[in-house]
Amino acid sequence: MDIQLTINEISLTVPDGMSILDAARTIDIDIPTLCYLNLHEMRLNNHIASCRVCVVEVEGRRNLAPACSTPVFNGMVVKTDTLRAVQGRRTMVELLLSDHPKSCLTCPKNLDCDLQSLAADLGVRNITYEGEESEFAIDKSSLAIIRDPNKCIRCRRCETMCNDVQTVGVYSAVGRGFETVVKTAFDLPLHDTSCTFCGQCVAVCPTGALMELDQVDKVWKALHDPTRYVIVETAPAVRVALGEGFGLEPGTIVTGKMVAALRRLGFDRVFDTEFGADVTIMEEATELIHRIEHGGRLPILTSCCPAWVKFFEHQFPDLLDIPSTCKSPHEMLGVLSKSYYAETYGIDPQKITVVSIMPCIAKKYEAARPELGQDPVTPDVDIVITTRELSRMIREAGIHFDHLKDEDFDHPLGESTGAAVVFGTTGGVIEAALRTAYEWLTEKPLENVEFESLRGMDGIKEAVIPIGERDFRIAVTHGLGNARTILEKIQSGERHYDAIEIMACPGGCIGGGGQPYHHGNIEILQARANAIYQEDRSKPVRKSHKNSAVLKLYNDFIGEPYGEKAHQLLHTSFTKRRKI
Amino acid sequence: MSNNSLIKDPYQLLDDYIDSLPYKKENLILILHHAQGLFGYLPDKVQWHIAQKLDIPSAKVYGVVSFYSFFTMKPRGQHVANVCMGTACFVRGSEKLQQEIESQLGIKTGQTTEDHLFSLDSVRCIGACGLAPVITVDGKVHGRLENTEDIKQVFAKYRSEATPDAQSEISSVEPIQDVKHAT
Chain E
0 MDIQLTINEI SLTVPDGMSI LDAARTIDID IPTLCYLNLH EMRLNNHIAS CRVCVVEVEG
60 RRNLAPACST PVFNGMVVKT DTLRAVQGRR TMVELLLSDH PKSCLTCPKN LDCDLQSLAA
120 DLGVRNITYE GEESEFAIDK SSLAIIRDPN KCIRCRRCET MCNDVQTVGV YSAVGRGFET
180 VVKTAFDLPL HDTSCTFCGQ CVAVCPTGAL MELDQVDKVW KALHDPTRYV IVETAPAVRV
240 ALGEGFGLEP GTIVTGKMVA ALRRLGFDRV FDTEFGADVT IMEEATELIH RIEHGGRLPI
300 LTSCCPAWVK FFEHQFPDLL DIPSTCKSPH EMLGVLSKSY YAETYGIDPQ KITVVSIMPC
360 IAKKYEAARP ELGQDPVTPD VDIVITTREL SRMIREAGIH FDHLKDEDFD HPLGESTGAA
420 VVFGTTGGVI EAALRTAYEW LTEKPLENVE FESLRGMDGI KEAVIPIGER DFRIAVTHGL
480 GNARTILEKI QSGERHYDAI EIMACPGGCI GGGGQPYHHG NIEILQARAN AIYQEDRSKP
540 VRKSHKNSAV LKLYNDFIGE PYGEKAHQLL HTSFTKRRKI
Chain U
0 MSNNSLIKDP YQLLDDYIDS LPYKKENLIL ILHHAQGLFG YLPDKVQWHI AQKLDIPSAK
60 VYGVVSFYSF FTMKPRGQHV ANVCMGTACF VRGSEKLQQE IESQLGIKTG QTTEDHLFSL
120 DSVRCIGACG LAPVITVDGK VHGRLENTED IKQVFAKYRS EATPDAQSEI SSVEPIQDVK
180 HAT
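Chains as they are written, first to last, in numbering that gives the first Met the number 0: chain E, 0 to 579; chain U, 0 to 182.
For the record, the hints were derived by calculation from the structure and aren't laboratory data.
Remember, it's a predicted structure, so these values are computed and weren't measured experimentally.
A virtual CB, placed ideally from N, CA and C, is assigned to each residue, including glycine.
Heads up, a few of these hints could be off.
Computed footprint of chain U on chain E, listed as stretches where at least three residues anywhere in the stretch have a Cβ under 8 Å from a Cβ of chain U [what the hints assert, rightly or not]:
#: 1; stretch: 156-169
#: 2; stretch: 292-298
Sample of chain U residues with no beta-carbon within 12 Å of chain E, all distances over it, derived [what the hints assert, rightly or not]:
#: 3; residue: Ser65
#: 4; residue: Ala127
#: 5; residue: Cys128
#: 6; residue: Val140
#: 7; residue: Asn146
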């Protein structure tokens, strides 16, 4: 049934059940919001109406109505722009600011903060109210996420993301009234909880209450230390998002400019995580074939995503034998930099610093996992910074990013294929693995390398791919809630698969917690995904096992894929953890 | 736990109770009430235990416990005294009464005596206005408490009936260290 109403004297008809906010948007009237966030594709809908910033006047109603959570009714008369509504909104923001640190200039979220933009848009010029200010300890316990509850506006987007979308449930509103704050269970440090460090809470936090651990200064220090040989590697998803930090359209491919910028920043070698991705495929496809031929446990689960790894360690400790033992691509590139590359070019591995540029916050935590190194003093990767942090470094260095001429990655760990590029989006890892597994199993060339059934933004994708005599049952999921659904089906025996790809972030790495903020515009993710596939098509080689530099690595150094040396350097193990 | 084999493990009793419920996740508040009855309070470890048993995040349990003032995360005394702060009691001097009890017990409202015998809280009107000012101890009403001596007598009576065994049982619930180091 349709509903007829008027908003600002414009008549309109909308479906029953729609909110005033959504109805207004159909006629291009924008009502400001703050706590509200509806990311339909991610199944995230936060409309708790706690901030009251979206208030409007409804004829016949005594008080102002929050537009985000007030459904329309027949004959409703709404006014969004009356003096009372506009002043009401400004008052709400002033009240929020009365209990908010006024340290915008030094806040890491400066110029990217929803609260700040809102205050600017609503013309808040002074904060009339002097009230009590919250004083909470800042949680710096984790190696990935910093929590500053003093900047929390209790919008609870993080809680909705963590509970409803990721089903991790780390956060809850604790206490009541003014003292309410979003906390972890028992106020434990984040490090001691089941947090996966996926960083999706950071991606949706409107203020600086949740931020990545900033490691930019550590990188500067390494770059300016003449005794260090600093290698940088960049993940596939970074090159399709970095441009957004410099005002370029979402989905602009900036691979060449990014490499040029990294050289100007002073990195000794600019390598590509995609080389590591091609090596991952060599190992993972071999592992899959090995499991099939030796009656090993199926399905094989991808293990590139550190947030997903931490998720299954906490939530499904009885399934630790099914994920692939492959390290993630940036760890592979890190260890190869400090072994193969160091050996070939006669560099002391102890003098090498490997910096990873990742779309991801969990990679910071992953790099610090003690098992991911050749020994305690030689971690595979030393420092991880996000796409956002790189963008800040480029600004700090005064580089005109959009004026840079394209440059190429360094040899040999900068060579990559189209298969490695698609790692950056949901469905990509399994697509890359199939391109290789198909040719290895059938010994025939694969003509069409694009597996359309594995692409797209559906939360759970399933496909049966015939390879030779065998039908491969594949599942692809992104978002940890979807991953949970699939794993529960495996546990109960309801579903059987041969291989499953799981990425923790909605959309895959392109939607990572370390990417430029989407501010609720999910179309940005689609643009990045399209750019990933465009970059794949532009590559002369699109199958990992055809990467000549990778083949040389196996020939000269590693030996057989999934062999002894490969196990020593390129594979890892998992740990059972308790659910908090 | 207590060496006395006649006293059943409270965790077992809690699990039995949860198992007897047809709906579990939906009855979190009921379960927390029951657990507080068994343990005297809701330490982190008990909350964590409930979260595991119901397969819900511990943060959710913690959020609920922190919201309702009936739930306490600190150990409570064997006897809980509540001073009525309702209008009738207030005008008849319940504020003074509260201060007097605080000084006699040597604790502030919301705290528990060192010997774990008494906890002191306040409540809104309990409907015994005719006896104002009143306190309740373990739900039993003591009215017209207007002089120091009467107040002393109320607490002396409970003190003389104290059973040391029950105290040691309550204080034997280990705190969350166990949970903290789980990762």
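Hints, one by one, checked against the model:
1. Figure legend: the stretch 156-169 of chain E, annotated as covered by chain U; annotation consistent (4 residues with Cβ-Cβ distances under 8 Å, at least 3 required).
2. Judged by the Cβ-Cβ criterion of 8 Å, the stretch 292-298 of chain E is not covered by chain U as claimed, because only 0 of its residues qualify and three are needed.
3. Not every Cβ of chain E is farther than 12 Å from the Cβ of Ser65/U; the closest lies at roughly 4 Å, contradicting the non-interface assignment.
4. Against the 12 Å criterion, Ala127/U stays outside the reach of chain E, whose nearest CB is about 27 Å from its own CB.
5. Even its closest Cβ contact with chain E, about 28 Å, leaves Cys128/U beyond 12 Å, as expected for a residue assigned away from the interface.
6. Every CB of chain E lies more than 12 Å from the CB of Val140/U, the least distance being 28 Å, so the non-interface label holds.
7. No beta-carbon of chain E is positioned within 12 Å of the beta-carbon of Asn146/U; the least distance is around 36 Å.
Comparing the model with each numbered hint stated earlier shows that hints 2, 3 do not hold.
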